[in-house]
Amino acid sequence: MDYMDEEVRRDVLSVLRGAYSAVKGKQFSQLHSLSNRIIHSISVYQEKVLLDVAIVMYSLNKLLEEEKFQRKKAMPRFLKEVLSSLDDAIEDLEERKFKKFENKVHDLLNEVEGFSRKVRFYVQDVLDYARIKKGSKLYEHGLSLGVASKITGMSKWELMEASGGTIVHEEVAPISEKRIRLVRKMFKLEG
Amino acid sequence: MAIYFDSSTLISLALTCNLPHLKEIKTLYDGDFVMTKTVHNETIDKAMRIERFKYEAYRLKSLLDDGVIIVKDDKQYAGRIKELMNLMNSCFYIRDRPLKLVQPGEVSIIPFAKKNDVLAIDERTTRFFIESPEELLDLLRHKLHTTRIVPDEGNLARVKREIGKLNVIRSTELALVAYEKGFVGNKNKDLFNGLLWALKLNGCAISSKEIRNYVNKYG
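Going down the list, the sequences are from chains A and B. With my numbering applied, the first sequence corresponds to residues 32 to 222, in that order. With my numbering applied, the second sequence corresponds to residues 390 to 608, in that order.
Cut-off 25 Å, straight-line C-alpha distance, at most; resulting in silico cross-link-like pairs (DMTMM-like, lysine to aspartate or glutamate):
no.	chain 1	residue 1	chain 2	residue 2
1	B	K598	A	E202
2	B	K504	B	E551
3	A	K209	B	E520
4	A	K216	B	E413
5	B	K464	B	D434
6	B	K570	B	D419
None of these hints come from the bench; they were simulated from the model.
With the sequences and hints as input, model every part of the structure.
Put into structure tokens, the structure is as follows:
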């Protein structure tokens, strides 16, 4: 990536600064809403690095909020590494060093994955878990299932299952009589 | 006359153990049940590589082995699929950028559909494009919290002209057939309600209000 729209850059910077403060002040629940704040930009720009930022925020929220993980011996070191990487990522983005910024986000993903392995998050990888959640969010925002699947790298199977458990379809238009008449005719049903 | 299945409909039927009912309702239908090679790749090939969905992939594959669903190669329509996808992906603009909303997988069944054919699509975005692109615009504006989404009226009119008359059903309509024919058990409203909720919770685009109407009217 050698360019980022100025509005998006400001948006991502604000999210990263918010994440730094949240981690430093141990206000981990804020990371969840921060991960959703850049969904709009991801929907429009469909850049992998933007998704990766959202994935980092969401996974950090899952790992840091869990009490049993907070007691782990590896936690203080993990927090230190995360804060240092967030700081570097903010600096790179402020200076518009997009390639370096991308590498730093990649480092953050590796740190999250390494820690989640150490603490045995669940059977599922924490990053995949986050990708499915964000994919479901992208679908909610109007992208098709296929586009959400392509951006996140997760299958339609995983995204269908995840989106079914959300309120994404509550705004779907009411029953279409035309569709019912059609299937009745097609399958020769009475009535 | 044929029903062309999108991946989304096959996935919700598979995840809710309804594939055997697809076999039963096929006996009532004179036309073909069809999936494209792209849909085959998204449903069977992909799921075969994921432990969590491998079993469903095998169950789906057995419908192909039994001749319930046939596979058609969409290579012949590659140009048309790309053209349609580009058209649908240049209907809405934000900050002068086109919103890329659909992928080849979702579009691959569309060129096959002739006048009396039917598309089975559980996924919301593609179905909105066919049935009501205006609603899609409202949804995008609402979800992206911006009125700065500008429709390209010319492209929208072309979408309506080219695909707006196609017939679309979802897994829930196929479930209605299975229910009315008694394939899912003895008919009762609660069973029908459970069947529709199972499909909804596994990704079929249907609202809880619509389910209530559906059950009251047809259960």
